[in-house]
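Quick mapping for you: the protein sequence lines, in order, are chains A and B.
Take the first sequence: its position 36, counting from 1, is numbered 36 in my numbering, and each next residue is one higher.
Take the second sequence: its position 34, counting from 1, is numbered 232 in my numbering, and each next residue is one higher.
One or more hints might be untrue.
[What the hints assert, rightly or not] Derived contacts from chain B toward chain A, CB cut-off under 8 Å, selection only:
(1) Tyr212
(2) Gln213
(3) Phe216
(4) Glu230
(5) Gln234
(6) Tyr241
(7) Phe247
(8) Val298
(9) Leu302
(10) Lys336
(11) Met353
Read the hints as simulated data drawn from the structure, not as lab findings.
Every residue, glycine too, gets a C-beta built ideally from N, C-alpha and C.
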Amino acid sequence: MKCLDKNILIDHVNNDLSARKKKQVITHLSTCEKCRIELEKWRKVLQTTEQFVAGDIAAHSVPPHAHITRRFEKLSKKEKILQPEQGRWLHAWARPIIVTACAIVATLMLYFFSQRTSPITPADYYIIDNGFNTEAVTLNEDTIEQLESYYLREIYENDELRNDILYGDWQEYDDQLEYLDENEMENLLQELYGEKIT
Amino acid sequence: METGRLEQLIEENYQNIFLLSLKMLKNREDAEDATQDIFLKVYENISSFRHEAKFTTWIYRIALNHIYYMNTQRLKMYNNQPNKHEIRTEHNEDPADVLVEKELFNALEKIIDGLSPKQKEVFIMRYYNQLPFKDIAKILKKSLGTVKSNYFFAMQKIKNELEQNQLLEFQE
Chain A
1 MKCLDKNILI DHVNNDLSAR KKKQVITHLS TCEKCRIELE KWRKVLQTTE
51 QFVAGDIAAH SVPPHAHITR RFEKLSKKEK ILQPEQGRWL HAWARPIIVT
101 ACAIVATLML YFFSQRTSPI TPADYYIIDN GFNTEAVTLN EDTIEQLESY
151 YLREIYENDE LRNDILYGDW QEYDDQLEYL DENEMENLLQ ELYGEKIT
Chain B
199 METGRLEQLI EENYQNIFLL SLKMLKNRED AEDATQDIFL KVYENISSFR
249 HEAKFTTWIY RIALNHIYYM NTQRLKMYNN QPNKHEIRTE HNEDPADVLV
299 EKELFNALEK IIDGLSPKQK EVFIMRYYNQ LPFKDIAKIL KKSLGTVKSN
349 YFFAMQKIKN ELEQNQLLEF QE
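So that you can see chain A by itself, here it is in the shape it has in the complex (with noise of 0.2 Å):
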């Protein structure tokens, strides 16, 4: 077997080798002189340096570090008054997130109040309610129109809705009869009727 390397004598003296290895070396120490001398070279050598080192870092105190402590509760408490809520807010990686829902909310809330650039309020609405279908129309002169002929028709055509103005109280349908003026409202109950309501 050919003589120890360095690196395995220093690894022995240091107590740093494998069971196996180190078995393999002390087998190999016991029949080679040379490597058992250069081995106490190497064992005097690492141990004067841990002698040398002990010395110099009992030579060489260590200052005391309490200063830096308070150096840290001083830079401590500056940040808390510059940045009162540096710790409570968000994270940076959040704030985007946050932004772009901001301003979707806010395109959101445009649109909806660009919807109601004519203000329009609940009068301007009227709801047909037939019992069967629900509908809100937005009054203008056309619907008028429309909802005037339609509650002609529906008087006409509607029994139980004529029955009702005829011998019922007419006044709850006021709502659908204001529809008409005078003279189609004049027509009309005259043709309920037969004669003319003054």
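We have chain A already, so just place chain B on it with the hints.
Quick look at chain B alone, frame taken from chain A:
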């Protein structure tokens, strides 16, 4: 990180970082300043610590970067005379052995100073900071083999110098 935990980490690592700075910079005043600055950097960058490495490994990386930065600045400042404020080591030993040992230790100090930067940083972290080789490898982001190789070369250099100058009595 809580201030209490940070204080504990400073307590645990302060001596080693100071010794690393002292041996690399070779000036106590500079080493004290460097140690303070290193821990200030640790404090300032604590939020960027990703827990990918051990906290100690992270501190050593900051320390070595800062020490090399300081060395560069100092070289510029002293116009390539880094040993202007060379530290002297004093050992309290018995008078009979003082001369021999002082000579040996002074020689060792010079030999260690003369190591290449890579050998020196491994040597300091191994002997002064008592770090295992695998931790040194992580700090330096090098393989275990490379780190051990640097260490072996450093030790070979120390042995050669001691032998050549007959500073150690070796049995032949």
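Broken hints, by number: Result: hints 7, 8, 10 break, sorted rising.
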